[in-house]
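From first to last, the protein sequence lines are chains L and S. Using this note's numbering, the first residue of the first sequence is number 1, and each one after it goes up by one. Using this note's numbering, the first residue of the second sequence is number 1, and each one after it goes up by one.
Take the hints with a grain of salt, since some may be wrong.
Here are some of the chain S residues that sit facing chain L, going by a computed Cβ distance under 7 Å [claimed, not checked]: (1) R30; (2) L31; (3) F39; (4) E60; (5) A64; (6) H67; (7) R72; (8) G85; (9) C88; (10) A89.
FYI, nobody ran anything at the bench for these hints, they're computed from the structure. Positions of the beta carbon are idealized from the N, C-alpha and C atoms, including for glycine.
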Amino acid sequence: MTQLKEVDIAVIGAGPAGLSAALACGKSGATTLLIDFMDAPGGQLIKQTHKFFGSERQFAGTRGIQIPSIFINQLSQMPNVQLVLGVNASGYYADSGVLTLEDGGKFIKVKAKRVIIATGAGEKALAFENNDLPGVYGAGAVQTLMNVYGVTPGNRVLMVGSGNIGLIVSYQLIQAHVQVVSLVEAAGRIGGYLVHAAKLRRAGVPILTSHTIVRAIGEETVRGAVVAQVDQSWQAVPGSEREVACDVICLAVGLTPLVDMMWQAGCEMKYVPALGGHVPVRDENMRASNPAVYVAGDAGGVEEASSAMISGEIAGISAAVSLGFRAQDADARLALLKSDLAAIRSAPAGEKIRAGIMSATACGGER
Amino acid sequence: MWKIQSYSHFAQRREESGRPLGRPRLGMVRLKEHPILDFPPGREVAFTFNGKEIRGVEGEPIAAALHAAGVRVLRHSPVLGRARGFFCAIGTCSSCLMTVDGVPNVRVCTEPLTQGMVIETQKGHGHLPID
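One chain only, chain S, in its complex shape (with noise of 0.2 Å):
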């Protein structure tokens, strides 16, 4: 019942290198090179957004994952039909509601990415399913 992990696998900092900052490059990128973090390659995953086959870095949150991919609206607003992105990507401004296997509302933001997820734009309000 109770979850322990360890601190964030994600980023680790590099020991001091001093290395030049580098030129900037093209494109909503997976950093490699850091003058201060490394982010160790994680496992590979393979997801649906929208029925599209997307690959992301199991763990990291669902909007990671598709804004590395170059998805960034996330969804539409139920009346005036505007596009969304996130926002705070902390799980605090629920702008980046999403249907996450079949459950909608979900913030993405947050919400770690897992093999075979079937991730899609969400439509109106969102209904619980009912079992």
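Just chain L, with the same shape it has in the complex (with noise of 0.2 Å):
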């Protein structure tokens, strides 16, 4: 065990709301540790190759993947902000504020006053026959293979889910000349921005709404499945069963947020359907429970990247003031910040996002 390190705040994934976090910390004058597994900063904008939507402030008109670097270059002059990549923040013990960092079978103690928890989200799965055949995707999972390493997942891929990662997978693959027979949405009609599904259906992709997928088939792996129709209660329409040959099945059906460290932590959780699933019970300052505990991005409720830059940013200038680190701005700066988040929240898509946060925070919904 290597000696240990003291920092103000930790913060742990380098996605979105991670480095947002970082650099609202970094300006306050706070020393910063901030962590990810992976050996490249940027979560998962480092695939996102549309441009982004929203304000100026959230870089609408940017693509995903050049954002990450926007903020590395900030936080790389500052000198009170490490960036930590390769290691694992592999657990944190709340008693003491000790975080285990895991560096290639090595571990490494950080006893940080504040814990910025910005582990994103996970891909959810779908039950359905055969759901386990290699060729059965994640969308992320594709947008990884193809975007970040220019490699293919196959010919012809069916795309279930119309939210809008279905809908900018989906057309992600056609830039890289793979086909996509069918999208297949259980919904009556089509989840994400119109804007989106409308570049598909110019493409000539067929959008099912109403559908679903029954059956994935293949032995060993995925080389068709069976797409039928549902009713109003979500059954298959006895007889609208169908083939569709296929060799990628490709799942955009939402992500659940990864809160193991908020478990650890012993922070009060609660399952909120409209975020994905168990969510830390938090402030409108993304302060948890655990008062040395804040949360930041998907991994406190599943939105978007645009709304994880804004969440992480709250919680890092909360954060840095809880420890008397005030930038001079912090108050203005954190109202703008929460009236930022009201507008996206406030599109009628968003109603169930305003409800799960009611229910998330301490002050509205029972606890």
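Fit chain to chain and form the complex, with the hints in mind.
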């Protein structure tokens, strides 16, 4: 065991939320350690080739893949911020505030006064026959393989789910010359932005609403799928099944927050389906029930990268302020960030998120 | 002890070219043409998969190298023997465990490929070598 390292704030995860949180901590003057288990910073931004929407403050018009270097350029100027990559944050011991980091089989101990957990989210699976066959891939996996490493997932893809991820990944497959044979969506309408869906329709991809996958076909790997129409109670309509030839079934059926560290830290947790699963109960400054722990981004509830960057900055400023590191504009900035977040969630599509956040914040909903 | 590396060198953004989308091509291929991304050629390294020599790109995840070589079945489940590939590709789901250089239960979707690696399909739950 190597010598104990001490910092004011440790940020776990260098995705959009963690990068943004670390930048806010850095600006406050607090000594900050930003940790990620991958060798490159950016989390899932490194595969997002599309341009962001929203306001300029959240990089509207910028492609996701460009955003990490914008943060890294600023962070690298800050002597009080250290970035550690390729290292797993493997445990957090709330009684002592000690984090263990695993680096190639060796453990490093870090004592942090505050921990900002920005561990993101993991892909959800879907229950259907043969859903474990190789070739049934999460949408994020397809994006990683294709957009980060330049390897296509196969020839013919059946996409399941019409949220923004399903729509965007379908379009990115087409950009990589892979055929998207069809997109099925169990709900009666397309879930994501119609501007993304329109691109797919122009490319000739059939979008089947009120349809789902019933079964994957194949012995060792996927060679097809059975899809069927669903009725209003989500049951397959008998006789509507048909076979689709495909070698990849891509699941874009949502994400669930990665909250293991918050369970370990003894944070009060709550199951909020609208936010993707169990999330920590927190206040509007992203502080969890354990006062040394803050949460940022999808780990606190699945939304999107823009809101993750905002909640990351809120967590960063708040954690720093709680230790007496107050940047000059901290209060004004917090107010602006909270109004930006409210604006993003104010769209009709944000209704579920708003209800979820109400339920997860300590002041709203029953505990 | 502290490792700091630059932003992903695998994919670099292209300048806007307005290049039209091409026709679908066949196979699990390594992308050479892409409207947004450039994939600069990496250093080719040799490794073995169950004794057979395969070539991949240094530093890419083992799973990406295997996939590019047409290998999708990474293991079989310990009880029912069902084929398993990767699922999440970001190191969270543990669907892709393999034996790498004798160490079992390695998540090959995030483990970087190096020259001469010995990759094997794992039998059962795997045993840690004890020295």
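Each hint tested on the structure:
1. R30: holds (6 Å)
2. L31: holds (4 Å)
3. F39: holds (4 Å)
4. E60: Holds, because the Cβ-Cβ distance from E60 (chain S) to chain L comes to roughly 5 Å (cut-off 7 Å).
5. A64: Holds, because the Cβ-Cβ distance from A64 (chain S) to chain L comes to roughly 4 Å (cut-off 7 Å).
6. H67: holds (5 Å)
7. R72: Cβ of R72 (chain S) sits 4 Å from chain L, so the hint holds.
8. G85: holds (3 Å)
9. C88: Constraint on C88 (chain S) satisfied, holds at 5 Å.
10. A89: holds (3 Å)
Consistency with the previously given hints is maintained throughout, with no hint failing.
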